[in-house]
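With the hints as a guide, bring the two chains together.
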Amino acid sequence: MTLKIIASQCTSCSACEPECPNVAISEKNGTFVIDPKKCTECIGHFDEPQCAAVCPVDNTCVIDNSFPRYQPPA
Amino acid sequence: MDASVQHEQATIPDGDKLSSVMQTIAEHKGCGTSGGSGKASCGSGAGENDLPPEIWEKVKNHPCYSEEAHHHYARMHVAVAPACNIQCNYCNRKYDCANESRPGVVSEKLTPEQAAKKVLAVASTIPQMTVLGIAGPGDPLANPEKTFKTFELIARTAPDIKLCLSTNGLALPDHVDTIAGFNVDHVTITINMVDPEIGAKIYPWVFWKHKRYTGVEAAKLLTDRQLQGLEMLTERGILCKVNSVMIPGVNDKHLVEVNRAVKSRGAFLHNIMPLISSPEHGTVFGLTGQRGPTAQELKALQDECEGEMNMMRHCRQCRADAVGLLGEDRSAEFTTDKIMAMEVNYDIDSRKAYQEAVESERVAKVVARQEELASLAGQSSDIKLLVAVATKGSGLINEHFGHAKEFQVYELSTAGAKFVGHRRVDLYCQGGYGDEDSLETVIRAINDCHAVFVAKIGGCPKSDLQAAGIEPVDQFAHEFIEKSAIAWFKSYLDKVNSGEIQHVVRGDAEIRQGALISAA
Numbered sequence: 001m002t003l004k005i006i007a008s009q010c011t012s013c014s015a016c017e018p019e020c021p022n023v024a025i026s027e028k029n030g031t032f033v034i035d036p037k038k039c040t041e042c043i044g045h046f047d048e049p050q051c052a053a054v055c056p057v058d059n060t061c062v063i064d065n066s067f068p069r070y071q072p073p074a
Numbered sequence: 001m002d003a004s005v006q007h008e009q010a011t012i013p014d015g016d017k018l019s020s021v022m023q024t025i026a027e028h029k030g031c032g033t034s035g036g037s038g039k040a041s042c043g044s045g046a047g048e049n050d051l052p053p054e055i056w057e058k059v060k061n062h063p064c065y066s067e068e069a070h071h072h073y074a075r076m077h078v079a080v081a082p083a084c085n086i087q088c089n090y091c092n093r094k095y096d097c098a099n100e101s102r103p104g105v106v107s108e109k110l111t112p113e114q115a116a117k118k119v120l121a122v123a124s125t126i127p128q129m130t131v132l133g134i135a136g137p138g139d140p141l142a143n144p145e146k147t148f149k150t151f152e153l154i155a156r157t158a159p160d161i162k163l164c165l166s167t168n169g170l171a172l173p174d175h176v177d178t179i180a181g182f183n184v185d186h187v188t189i190t191i192n193m194v195d196p197e198i199g200a201k202i203y204p205w206v207f208w209k210h211k212r213y214t215g216v217e218a219a220k221l222l223t224d225r226q227l228q229g230l231e232m233l234t235e236r237g238i239l240c241k242v243n244s245v246m247i248p249g250v251n252d253k254h255l256v257e258v259n260r261a262v263k264s265r266g267a268f269l270h271n272i273m274p275l276i277s278s279p280e281h282g283t284v285f286g287l288t289g290q291r292g293p294t295a296q297e298l299k300a301l302q303d304e305c306e307g308e309m310n311m312m313r314h315c316r317q318c319r320a321d322a323v324g325l326l327g328e329d330r331s332a333e334f335t336t337d338k339i340m341a342m343e344v345n346y347d348i349d350s351r352k353a354y355q356e357a358v359e360s361e362r363v364a365k366v367v368a369r370q371e372e373l374a375s376l377a378g379q380s381s382d383i384k385l386l387v388a389v390a391t392k393g394s395g396l397i398n399e400h401f402g403h404a405k406e407f408q409v410y411e412l413s414t415a416g417a418k419f420v421g422h423r424r425v426d427l428y429c430q431g432g433y434g435d436e437d438s439l440e441t442v443i444r445a446i447n448d449c450h451a452v453f454v455a456k457i458g459g460c461p462k463s464d465l466q467a468a469g470i471e472p473v474d475q476f477a478h479e480f481i482e483k484s485a486i487a488w489f490k491s492y493l494d495k496v497n498s499g500e501i502q503h504v505v506r507g508d509a510e511i512r513q514g515a516l517i518s519a520a
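Chains as they are written, first to last, in full-length UniProt numbering: chain E, 1 to 74; chain G, 1 to 520.
Hint data in this document are derived by calculation from the structure and do not stem from the laboratory. A virtual CB, placed ideally from N, CA and C, is assigned to each residue, including glycine.
No more than 25 Å apart at the CA atoms, straight line, and that leaves these computed lysine-lysine pairs for BS3-like:
1) G:Lys209 - E:Lys4
2) G:Lys456 - G:Lys490
3) E:Lys28 - G:Lys94
Not close to chain G: a few residues of chain E, all C-beta gaps over 12 Å, as computed:
4) Met1
5) Lys28
6) Lys38
7) Asn65
Chain G with its partners taken away, still in its complex shape (with noise of 0.2 Å):
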């Protein structure tokens, strides 16, 4: 594709010594930093910089297996899929709200026949939707033949759009050659353990040929399965992403040992979620008090597992009928009432000349950022740090402070600008009057965070964001933010070395539990 190309090019540093500096960074530190153009995620290169290109050209797109493009493409869940074959102790299926957004929570089923409907719906209005996945509410492959009809429905009319599905695993194994079939070249299998006596403290059973086990020999079962699975899809060439969930005081320590078994299995991505455990949601772990961990405790077992294997650090474990950007649900926008009345007009080459231009875009931000960071060459200092970024998307610093629901993190060392995460936090500011409390829940959500920036801000949250040691930042309004934060990170050392300022170490941050107050 031409698209791929221009980007290669572009994306090749010029003159020897940049691509020295280059390669030191890659070296030494993974992700957003190491440049290079094919990199598909966060996450180190070790040495291997860039992705061999039929990788990079499967995932490019893919908002959920590339940091990079999750910036400018969206995807979409259809909730095809309620049946279930396992229990997990974080998992409620009675709950659902519409405003609440985790796995497993859907508001309707749709058939096969709706859910295609439905994508070419979003596919017409969406244009940077590329990827359709099959998550639930419940395990696609509980539901063979559910999963396997909207696949093939989809595939025949929106066939430029990638397939996905997201299982435990239990009944992978069974399933691989039809996945493989049906050309679906990115599987998640969620693997908590490998150890079933962990297991059994996450899952109390599972459904396997027509019997309940439970206890032990049921985390046996499914380990077993998932890792069987794991390596049958990984023999054909499938691209597989594993998710955890971070249990503190069951398998957080575990989680590293996790992370070699699927890497030896040619796991493409590690994906380590904190879990999601308010009471109100009524899961296991939410009535036993269970906590989840906090920022830093998941930054840490993150970046102990960032070896040679890329760490996925934007999921927002999404609903299972989420549709946008990742971080935005656009959901509510297409219920099943409102898809059936719409007109769909399914232009592939219009879709194609959107794409185009959002690749444009996408190598302007990388040259930008490559420019910045080669102007950081000279520089050297231990210090390393947090900041916070107002985001809609297209990697810009384009919201405002009090409409942001979240705010993506980065870390900024001599390296250059890493992107670790993201806090979701609640609307600041509805309807243009600010509100003590929520500027407090945002404070504590970044609150391990040096500087937040933003495209505008009001004179009130700064003073209280200065008060608290976040330094507001709005001059790079509308600017790239890689490039904007090397800069600031830049002037910030300066400082430092000039003693203008003295360098503090900031505190651990909240991660947000309960349910996303939508603004729509």
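Only chain E is shown next, with the shape it has when bound in the complex (with noise of 0.2 Å):
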């Protein structure tokens, strides 16, 4: 899995971008947006998915339940 951001409660604020350890989140038609392919939830890097920990509006950074579980290296 992946974290997606719901672009009608995206309020385009940018602060999950710089935040996201993957560089994973980029601006895109006046709202952000996570790239699946580099997005690992955080895993690896730090507790929480910093997208959605900073993010101002609650349950728009979420869990993208469309992708496979993101596999760790081992």
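As structure tokens, then:
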């Protein structure tokens, strides 16, 4: 799995972008998006996904169930 | 600078008698009436009548740090800092309306390059614009690269503009040296508590060092960082203003303690602001029905905190992209599209010349006030009352009653005229037609005042105001506010003394919460 940003709730404040350890977040059409190929849910970096921890709107950076669970390298 | 020298000389009272009167007043009362050359702001001098010259030099044309200056000088905010690192229960980042004036709100974000262009465009159009602040819409220090890049660009292209920033303080200790390096000599920290138990009711979380903290732990972290940052700034001689939001039942009584804590750490000015909590803003406090204070509650707290520390009472709780004099917002004239199309001719000399003219106007105002005050010297009375003033700036009674978007409130006593606040009102008159409901709004907003000073007023509102017990006064049209108010107060006292009228105490007034309806 990866995280995704619910576009309709994103305030476009950009707080998440510099916090992402994988540089997976970028601005697209006025809101921010997460590149599922780069997102690791912050596993191996931090205790909690940084985008969700810093986001000012609850339930906006959420787990995207349409992707398989991220597998940290052994 | 010539202007300040002139100012000093012009305000030294002549004669021993007047000096001793001024001294007595200064010892008993603070604020604008305390005369003296360098009194920066509302607030008592408590014996220390004047500010040190180097401090006066820093605040004399900063509208947010000097009540005196806010009648004459303008500021602008550039919204380059959208990200925030804490959550406050009085803030909702999703809400933006061009007609709404309150902190944390902005219509468009700017890049540092766009911001620098905007500053030049505004400075060329509004020569009395002396201050550039970064106040969000998030926290400037949660966006350090954008904030400092903006300062760097402006310091290079418009070196005469003062730089300042307003922060929640969480990241402040990490950036104090950079702030000092950019010659930012005014920093505002919003401190709503020094007790984490109270803080937990105001801040649901803070984000620090890759972790979200909640509850008392979050508030403890925040207050420690805020006070540490404040100490670090004042050690470096950077002027600090502390903003506090007054939340009745949550921190209203506690703010006296906050005042002591920040004063002891060298804060220069304390600005206690009323909570804005309309439900339509969608903030936690708006949705839980947390009320803001009444005008009397706010003033009582400000009076209680006014000891050795200056209190700011002229804050308009402006937007993170506000432009213009406090109380006016010209941001709509300077949208990104418009500024990018503007031919900018930044002429530092003509700006300086304009500002010198402003200085002489200001000196004339102070002299007029001193003269009128001297004529009050023989009077003794316990009467203290409030009056409202319709003004467009320059310290003059120069606004039509029906056009006023706000009224400035002065407290009158034998000590003089003291600025104690302002009241936002809807435009009563739009297109020349009076509107009954708006008049009621105005009366509720200035219900604690005995009189309202205007440049002009129509017959209908005049009689309605009289019926509400508020005397409309238009005989001082286009004259200086303080001089006129003192003159009116003198005749009021004469009438009370002769038995012609009886002095009655007025009721409370409402602090307006809703959207500001822009005339533009």
